[in-house]
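Q: The lines below spell out each chain.
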Amino acid sequence: MTTLKTKQALPAEGHLATAPASEVRARHTPLVPSAGARRVWLTLLGWGIALLIFFPILWMVLTGFKSEAEAIADPSLIFSPTLESYIAVQARADYFKFALNSVVVAFGSTLLALVIAIPSAYAMAFLPTRRTKGTLLWMLSTKMLPPVGVLVPIYLLFRDVGLLDTRTGLVIVYTLMNLPIVVWMLYTFFKDLPRDILEAGRMDGASTLQEVLYLLLPLTLPGIASTGLLSVILSWNEAFWSLNLTSSSAAPLTAYIASFSSPEGLFWAKLSAASTMAIAPILVFGWLTQKQMVRGLTFGAVK
Amino acid sequence: MKLAHAFPMAGLAMAVATAAQAETITVATVNNNDMVIMQSLTEAFEEAHPDIEVNWVVLEENVLRQRLTTDIATEGGQFDVMTIGTYEAPIWAERGWLVALDDLPETYREEDLLQPVRDGLSHDGTLYALPFYAESSMLYYRTDLFEEAGIEMPEQPSWEQVRDWAAELHDPDNQLAGICLRGKPGWGENMAFVSTLVNTFGGRWFDEEWNPELDSPAWQEAIGFYVDLLGNYGPPGASSNGFNENLALFSRGNCAMWVDATSAAGKLYNPDESQVADRLGFAPAPVAETPKGAHWLWSWALAIPASSEKQEAAQTFLTWATSQEYVELVGESEGWTSVPPGTRESTYENERYQEEAPFAGFVLDAINSADPTDSTLEPSPYVGVQFVGIPEFQSIGTQVGQTVASALTGDISVEQALQNAQRATARTMQRAGY
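Protein sequences appear in the order of chains A and B. Note that my numbering has the first sequence beginning at 1, numbered continuously upward. Note that my numbering has the second sequence beginning at 1001, numbered continuously upward.
Hints in this document: simulated from the structure, not taken from any laboratory. All residues carry an ideal CB built from backbone N, CA and C; glycine is no exception. Hints may be right or wrong, so weigh each one.
With beta-carbon atoms standing in for the labels, derived distance ranges [stated by the list, open to error]:
no. : chain 1 : residue 1 : chain 2 : residue 2 : range
1   : B       : Glu1332   : A       : Ala91     : 12 to 22 Å
2   : A       : Asp94     : B       : Gln1175   : 50 to 60 Å
3   : B       : Asp1272   : A       : Leu58     : 19 to 29 Å
4   : B       : Gln1175   : A       : Ala50     : 27 to 37 Å
5   : A       : Pro128    : B       : Ser1240   : 47 to 57 Å
6   : A       : Pro153    : B       : Asp1411   : 31 to 41 Å
7   : A       : Ile57     : B       : Gly1150   : 43 to 53 Å
8   : B       : Ser1395   : A       : Pro153    : 15 to 25 Å
9   : B       : Asp1411   : A       : Pro128    : 50 to 60 Å
10  : A       : Ala50     : B       : Asp1272   : 35 to 45 Å
Only part of the chain B face toward chain A is listed, based on derived beta-carbon distances under 7 Å [as the list claims (entries may be wrong)]:
no. : residue
11  : Asn1031
12  : Asn1055
13  : Thr1070
One side of the interface only, derived from the structure: several residues of chain A facing chain B at Cβ under 10 Å [to be verified]:
no. : residue
14  : Gln90
15  : Val103
16  : Ser249
17  : Ala258
Next comes chain A alone, as it looks inside the complex (with noise of 0.2 Å):
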């Protein structure tokens, strides 16, 4: 009963929120008189830190819209914006070419990760044995390890199995390093999802298959898609196993930005410009989906 009741109430404090300020100054003016103060503050405090997390973005979007000369120089938000930068970074090195193993990668690595942890994620969730938490725990563990503990077995079973610099190496890769992630976030959403409902489906005569297919993924798509998000950003961020098991032809874009860096030399503007860049397309995707994003992350926190 006491969740039935938190759910109504919700609605209304979320119409709260969106209520036009007219109708909320209304019903609360006389209690709280400075609501509407409140409220600008808050929105001013809200894009306050939005735009100091998003600052140094901003600052590598600006300097790579300057000349070489302009980025060393005393920081200044006036230049003459130019597009030497990014016409010199593309001239070097074919950005399509890395972008392109960035997305078959990150997409190619969450898609077969999701394919192995929605089974195992299922039947951990629903089909508990005595281990099941010791598994996840151990799953996790493994997180623990820091990766260049393992380059070297691993750099030598790729160049024994022809792996060294291939997609198909870093897919397997990202996939093994994001599964234990994976496999916990599907398990925690599964868990949320009432067993009553899979019985019921059971009831009517569902195979396992059919009860997975049909009832829990439709009932967890917004934690699956959250989760599918969140393994195509790490995969696309990942820097240490792509620049140690690529050179040329299955570089990411990870590589692309490291190959601006530069000991002797100041090549500010063209890293910002490859940098931005790099960041294009994942910060696209993210703006678009943000909404699936959120709705996955606080999937099952209101029951």
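Dock chain B against chain A, hints included.
A: Just chain B now, with coordinates in the frame of chain A:
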């Protein structure tokens, strides 16, 4: 319709056939200016050698070093040409990781390579890497500030003089530091500079029995001098400044003096990159007790890993990129101040270069007078001016670099820093079996 489709297909098939014939070599390098130029001239190489295609892997110095070490130690065979430094060349050659370059073509003119640079890249008298560009260190200063203050730069400045000038010119209110020096910890960062300072103050890393001498009076004096000089007359936050940061500061006009790599000269003389191009003076690196080891010697060189399966094509590329013709090609297409310095006598005999790069003579003298085999006042068992040519030095140098940086920021005293450094170094050397 079918015919129209067939033509592009035939063209594609031919293109595939040509690509299959051409051998592709992978060249790993750093993103320094001279290497960027090399990359932009790839077409010239491929035109001259249609049977070879070049693939580039460009990485940041430390990432590259780690990447190359992993590949070479596991015989991964991912690279056919590697960019390495004077530090790695003899160590890797000794381990059999590099292909000996003992059958270079006559036309390459090996004897034209500067002797100290050639020696630095050899092991047991055999060359294992070819120098792409080389550098020493020197003193840069602002002629306008010196003139205003009535200071005349002697032919060979001393560190004591440099300190006095730094004190006189230091003007933090106008964002001008008396002197800029490297402070960022790292064996190739602050320790490159600090080692030359220790050398000229009469110190050495190890005695002839490989016992570390980091708490010796010469080290105390040198580090004390460094901390005092850079702490009092350096730019704010000097302990995070490396080559690039100081280059930015000096070219913006925030330093009166700077002691660093000779390879900065070309950049500081370029008015597009530097605001002080017309007010730039240079002098040999300052000295204290002894001129020995007062300026360093470093070269970026190209080598072929033993695991490469395309050694012949790799050598063709190596001899092209380090040849006299390449230097001329860069001079003609990019301007003479941009040619890779410090590798060949012929570069310095070139009149165009002498004319356009007024620093040429200084650089040549500095490189020729740097002797990696005899860089300390008292004899030492190691090769290298600003480094010690043993595999353990990377970790030792970086660790000592961190303690020196802590002394610079004032977290610990110079004495304490050197005691810590001595203890850590002694432990590492003992563990390594010296």
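Q: Run every hint past the structure and note whether it holds.
A: Do the hints match the structure? See the list:
no., hint, verdict
1, B:Glu1332 with A:Ala91: 12 to 22 Å, "holds, 20 Å"
2, A:Asp94 with B:Gln1175: 50 to 60 Å, "violated, 41 Å"
3, B:Asp1272 with A:Leu58: 19 to 29 Å, "holds, 26 Å"
4, B:Gln1175 with A:Ala50: 27 to 37 Å, "holds, 32 Å"
5, A:Pro128 with B:Ser1240: 47 to 57 Å, "holds, 52 Å"
6, A:Pro153 with B:Asp1411: 31 to 41 Å, "holds, 39 Å"
7, A:Ile57 with B:Gly1150: 43 to 53 Å, "holds, 49 Å"
8, B:Ser1395 with A:Pro153: 15 to 25 Å, "holds, 22 Å"
9, B:Asp1411 with A:Pro128: 50 to 60 Å, "holds, 52 Å"
10, A:Ala50 with B:Asp1272: 35 to 45 Å, "holds, 37 Å"
11, Asn1031, "holds, 4 Å"
12, Asn1055, "holds, 4 Å"
13, Thr1070, "holds, 6 Å"
14, Gln90, "violated, 13 Å"
15, Val103, "violated, 21 Å"
16, Ser249, "holds, 8 Å"
17, Ala258, "holds, 5 Å"
Comparing the model with each numbered hint stated earlier shows that hints 2, 14 and 15 do not hold.
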